[in-house]
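K.L.:
Residue strings, one per chain:
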Amino acid sequence: MANTKKYWKGIDELNETKSFQESKESEFSQSNSIESFLADDQLSESSTGRRDFLKFLGFSVAAATVAACEAPVIKAVPYVMKPENVTPGMPTWYASTYYDGASYASILVKTREARPIFIKGNKHFGITKGSVTPPIIASVLGVYDSERIKNPLKAGKKSSWAAVDKEISSAIRNGNKVALISSTVISPSTLSAISELGSAVKGEFEHIQYDAISYSAMRNANELNFGKPFIPSYDFSKAKTIVSINADFLSTWLMPTEFAAQYGETRNPESDGGWMSKHFQFESVMSVAGSNADYRTMTKPSEEEAVLKYILDGLRGRSGTIPSSLKKSADLAIKSLQENGKESLVVCGTNNTGLQQLANEINEHNGANGTTIDLYNELQMFQSEEAKLMNCVKGISSGKYDVVLFYNSNPVYSFPKDELKKALKSKKVKVSVSLNSHADETGALCTYNCPDHHGLESWADYQPKSNHYAIAQPTIRPLHNTADALESFLVWSGKAERGGKDSTVAYDKIKETFSNISGADFKMVMHNSCVDLPQSMIEDSVTFNSVGYAAMPKKPSGTEVIMYQKSAIGSGIHANNPWLHELPDPITKVTWDNYITMNPVEMRKAGYKTTYDQENGLSMAKVTVNGVSVTLPIYPLPGQATGTVGIALGYGRGGNGEKIGKSAYQTAEYGGYAVSKNGKPASIGANVFPMISTDNDEFYYSNSGKLSNVAGEYIIAATQIHHTVMGRHSIVRETTKEIFDSKGKEAYNPAHTLQTLDDDLNHVEKPVSEFDIWDAHPVENVGHRWGMSIDLSSCIGCSNCLVACQSENNVPVVGKDEVRRGREMHWLRIDRYFASDEEAAVGTKKNKDSFSYDQAEIAALNPKVVHMPMMCQHCNHAPCETVCPVAATTHSNEGLNQMTYNRCIGTRYCSNNCPYKVRRFNWFNYPSYKKFTEINPAQDDLGRMVLNPDVTVRSRGVMEKCSFCVQRIQATKLKSKIDKVPVEDGEFSTACADVCPTNAIVVGDWNDVNSKIRKSSENKRSYQALEEVGIRPNVWYKVKVRNEQNNLLSKLQVEKKSHHGSNNKHH
Amino acid sequence: MKITNTQRVKGIGSVLTGLLLLAFISLSPSYHSQGEALFKAKCATCHAVFQNGTGPKLYGAVERWEAEGEGELIYEWVQNNAKLRGSGKSKRAAAVFAEYKGSVMTVFADLTNEQIGSIFEWVDSQDPNASAGGNTQAGLENGSSEEEEGGLPWTWIILGVMFVIIIMAVSGVRRQLKIATKESGDSTDSLTYVEEFKTWAWKYRLYVGLVTLVLVLSLIVGLFKVLYSINVMENYQPSQPIAFPHDVHAGINGIDCKYCHNSVTKSKSAGIPSVNVCMNCHKKINGEGKEFKGEIDKIYTAAGWDPTRGPAGEYTGKTSPIVWNKVHNLPDHVYFNHSQHVVVGGLDCKQCHGDMAKMKETAKVQPHGELNKIQENIDSKIEFTKPTLTMGWCIECHGQSGVDIAGSDNAYYDEIHNRLKKNDYSLLNSYNDDGKVTVKELGGWECSKCHY
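Chains A and B supply the protein sequences, listed in that same order. According to our numbering, the first sequence is numbered sequentially starting from 1. According to our numbering, the second sequence is numbered sequentially starting from 1068.
It is possible that part of the hints are untrue.
[Claimed, not checked] Cross-link-like lysine-lysine pairs, in silico, DSSO-like; alpha carbons within 27 Å at most:
id, chain 1, residue 1, chain 2, residue 2
1, A, K55, A, K82
2, A, K1020, A, K846
3, A, K123, A, K150
4, A, K82, B, K1360
5, A, K166, A, K202
6, A, K75, B, K1333
7, B, K1417, A, K82
8, B, K1393, A, K75
9, B, K1507, A, K1015
10, A, K82, B, K1393
11, A, K75, B, K1507
12, A, K589, A, K158
13, B, K1507, A, K980
14, A, K430, A, K177
15, B, K1417, A, K75
16, A, K501, B, K1385
17, B, K1270, B, K1333
18, A, K75, B, K1453
19, B, K1385, A, K975
20, B, K1425, A, K75
21, A, K980, B, K1333
22, A, K82, B, K1292
23, A, K980, B, K1503
24, B, K1488, A, K1012
25, A, K975, B, K1325
26, B, K1333, A, K523
27, A, K1015, B, K1488
Simulated from the structure, these hints should not be mistaken for lab results.
Please construct the entire structure, taking both the sequences and the accompanying hints into account.
P.N.:
Take a look at the structure:
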């Protein structure tokens, strides 16, 4: 079709006139050549000389400039009828709930003039205690996605609700076999609507729940052990010993929104109980949880069975067999589990019933059921049934189904087999309906698209756990002609009428459901967003039965390939979100890409490149599994189990040019999309769902495969290309719980000292704080002094802070090519440091005499990791301020390092002089330059509605950096002034501190002597990064404490007895 | 002798440059006298020079009063007309009052006799047959004054052209004389204008240099003045879809500003009233039979109100928002919060917006001179020298206005005061050395207070 189409630039071309034919021959027009122009004798006789020409030009430009300075008339359109709860210029917050089929959280949504602009966790209500994940924070952008389907579609053409409803509803009611394929539905109201739909069907109706990431093995194992398929509630906050087998419970496994906060509680070495959890992680790909573990052991998927069995045997007092590389940490884990007994938790993230049974056995043996595991509060999420779906797909392929509906599910992309795709393509189903918001891989193949509202536009209720009920309320009127899926189900079953944009169908249904479930006041529940249901919801008591193990994972042949999830992209639901693509992966720091992870030690042996930079890429490799092969760059990831490679799921979306969102594709260097071989925009990375093993109808996310070399290099964009901190303990400090408990501050957190002469001309050492070349700003103890402290012990590197900062401060998205050049604009970065073999811990030197920086640069085979959030430190003696030629960056009397965009002329001296490298330069006008059209939401008429109106959108040529969310400081102060009260501690919070699941970031007024920040800064673990430079930052870090045995570190960290430090305060 | 093309172009160029220079120099707005300034500030809202408006024309007013033998009473009349009428000593006063159907004139107790004299002096010095400008209602004049300031004043152009013509004429005469001498004499060298000018300039290089220096300096000063006036919104008064009279609402009816601009105490923006606020009163006040009925009908269209429906009118549900032209517009990189100033700072609206109760026409950005006359500003010793809505204007006020941190009933400031007292008494003393703690001293001049 496309080949027969003819495009022409003008009538001449269309008619192929003679002059057109002639001019076509020559690329440059001949009639006006430069040679003939210059050869013109008359030229020098021309009355207008070059200088005169320039003079006129200059004058006219100046005149035009002056004339153009007239300001345009700006319109102001007030409401006709102002809603009572909207005050223009003031935010309105709504308590709501987030659920996308994969993650769940109680959230607070900030709206301005009825537009949601910021999402954070609800710290006061709900099971998630204020925890969120990067995709949840970034989901606010999704509502403004201009590629959402805006109207109901029939065969890809715009239709009307009345028309599609009539046809779909008659097809459903007359259907002999109807299937609804959805992700797990945890909404009681939607479930009730679905059952209404089922009863309207003439023939057979099936509702199949299918999640891209399956946890069916847990349910199956529990069915064997406890007699019913369920997932219990885990409580990490009570676990003194945590053993995790391949479960990244801090970012992707099960309920990270719940677990991260619980885990954070156990990571405080100064907690009231005096204990700190001991965390063992056995995994192959370095995960967020693994990077926080006290003991991380590289474990191949095929070794997991051995580890679990060995631990179980050890606990039962028998000796088992285990590969020698795992023995040491497995023994330690056994010891720790024995010590803590029921106050321990063993979790396994592998979707294999046999392994889950082993984990159950261990927990039962320890007595964890009842303490860290609550068997009576069941998780309602993840009810995926692969077997049912595989059966259904077979039925669809053989044409048995009349109607298939897809709701919040994209199996054409995520189902490992391509039978479903083929069946839909060849129209094996008469009527296929997609309720997805986009014409995605599944939606594009369906007859009807009946787009659901975005989560922020609709009413919804959820029952994430058996004793918890939550409500999601709309924060914006539906932007497009979409309809709530709940309403669609009811309309198609003949139980309701369409209500348009102001429909109350869903609301009424939810109110009805609620009155059946709980007697609480609906308005109050709506205000809190959730309510706990009485425990009586669970009737029977469950008891553990030891039964024979189900099939264990198959023994591998060849390289073990692990399909894992990254914290930002997950299973690919948000693969069109530019914030998430640009979010550096917490471990690899790579943006905008999918890659094969492999241990650098192995890579060096195999001859792959292990270093890269902005000009030099990484080697390419091909991985073949199940007859499916993908070619991707191969990334050196320290800590990756040898003999394995990892590839992230969730990439390679929209490969056939489906409209899944502007930012879901690779962009070309100067705007537009990179084009793949099929002529469609090239998707980012590759889809590895087809590599999942489906043996025994169980999705097992690793498989045996083959790794082969491919010629060529691939440039990747990473925000941190070096791996280690190279022994600089003035940046990162860490110690062990043992040292922390037994030794003084001098051992693990010594003050920096310099030598000087005292009055008697003796050499003495004095703290750095006593040396000053600048006068202090009058900020100490006077007025406010805003400060921040970051506890490296509880920082888990989840990167919530980074996305929240981007959302709050209108930080532009710059795309892969700019990130590659080191021009990412994030105000906050998280430095991830690996330890090298030269170090006893990150930031130490094992042996000062033999220490080699060259060797220290190379991360260890299985290194320890430190995550360190780094943003403007708001130095009281800021080096950036002294070098600005135009005083665009100055110090405020509240201790802030102010950045004034309208004064900045872009010399970048400040950035050059900043020891933390936290200043960012606007190389382009990101909100308008063509290079960023596809990826920067600010260039989209809808997308720019997400911008925070209280923060300037910066233009080209100015510096920017963390402002400590000064807009929030000002708002807090103003609120206090209006209320006539002093600023209350905790009232002011930055965006990053707002979303920190472990409360590692504390902010406040340092001059308030009772404030948390003041106390935190005076803690014996507190230090300041690069303190010896003497620039007096307003940010403190707290020494990372690991609950491990580290004899080498104990030897290094000793108290100096003869230290001559004066405690006299300066001035 | 031959004048080439190039030279002619250069000649025209220099003339243009001269004109441009003159234009630049003359750009700064200046009133001819104190009288004119006072007239524009105090009288022009009601009185025109040559036409009767809300009040009688002022041209010849002194003569008219003198004709009735009450020449001296006119000063009292201007200062406090009601008092004069009440005293009953002036027949003329009663007559004027009757003629203008009982319109009360504003009290100008602050005007001295000399000032009033200067106003009449200026008014009477105007030529009744001259420009139309003087004949228009003064308010309209205000509206167009911005354009006038920005354009080239014709008097200067004419003067400039005359100056050039004179110079050319003189040099032409000189030239003719020279040619005549040459013809009579034996000199063979014939110099072009340019060569001659060069010789002349070299001869008087000191003066030429000085003049050039002055010209260049004035050019630079002028240029800066022009650049500084860019985007200065003083006197900006865009047209509005509805001719809303602030004087009727805030002045005659005495409606509090905060009734309509009700988010002023809560939010950063004062808020343009939504139509439902208008309808609170205008459901009843429909302007039936008045000349402004058309304007009120516009509100009805916007609100979707049909007064003919039902016994007392009904909403039709068809609304159309009113698209106003924004008057007070700050650049996007400026954060300004109304509630901070009105609630915390306790400012009166008129301290920045002028007295809207007297604003007959649509709203405008009041010139800072006008704001200096606001009593509240005088009382708190705030004097603006920079144009309204410029950054200079903002920080000028921040530098002058005091914050009562010691004696306020605001616990927020108590805490700030206590911290100062406790930890740095000398700093507090240095703040207090001028008798007050200014906004500036508490950080009101810092960039991040308004720019982020």
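K.L.:
Taking the hints in turn, state whether each one holds.
P.N.:
Going down the list of hints, with the structure as the test:
| no. | hint | in the structure |
| --- | --- | --- |
| 1 | A/K55 - A/K82 | 56 Å, violated |
| 2 | A/K1020 - A/K846 | 24 Å, holds |
| 3 | A/K123 - A/K150 | 34 Å, violated |
| 4 | A/K82 - B/K1360 | 25 Å, holds |
| 5 | A/K166 - A/K202 | 16 Å, holds |
| 6 | A/K75 - B/K1333 | 22 Å, holds |
| 7 | B/K1417 - A/K82 | 26 Å, holds |
| 8 | B/K1393 - A/K75 | 5 Å, holds |
| 9 | B/K1507 - A/K1015 | 31 Å, violated |
| 10 | A/K82 - B/K1393 | 19 Å, holds |
| 11 | A/K75 - B/K1507 | 33 Å, violated |
| 12 | A/K589 - A/K158 | 42 Å, violated |
| 13 | B/K1507 - A/K980 | 20 Å, holds |
| 14 | A/K430 - A/K177 | 11 Å, holds |
| 15 | B/K1417 - A/K75 | 23 Å, holds |
| 16 | A/K501 - B/K1385 | 17 Å, holds |
| 17 | B/K1270 - B/K1333 | 72 Å, violated |
| 18 | A/K75 - B/K1453 | 26 Å, holds |
| 19 | B/K1385 - A/K975 | 38 Å, violated |
| 20 | B/K1425 - A/K75 | 24 Å, holds |
| 21 | A/K980 - B/K1333 | 14 Å, holds |
| 22 | A/K82 - B/K1292 | 44 Å, violated |
| 23 | A/K980 - B/K1503 | 20 Å, holds |
| 24 | B/K1488 - A/K1012 | 23 Å, holds |
| 25 | A/K975 - B/K1325 | 19 Å, holds |
| 26 | B/K1333 - A/K523 | 26 Å, holds |
| 27 | A/K1015 - B/K1488 | 23 Å, holds |
Of the hints listed earlier, those the structure fails to meet are numbers 1, 3, 9, 11, 12, 17, 19, 22, in rising order.
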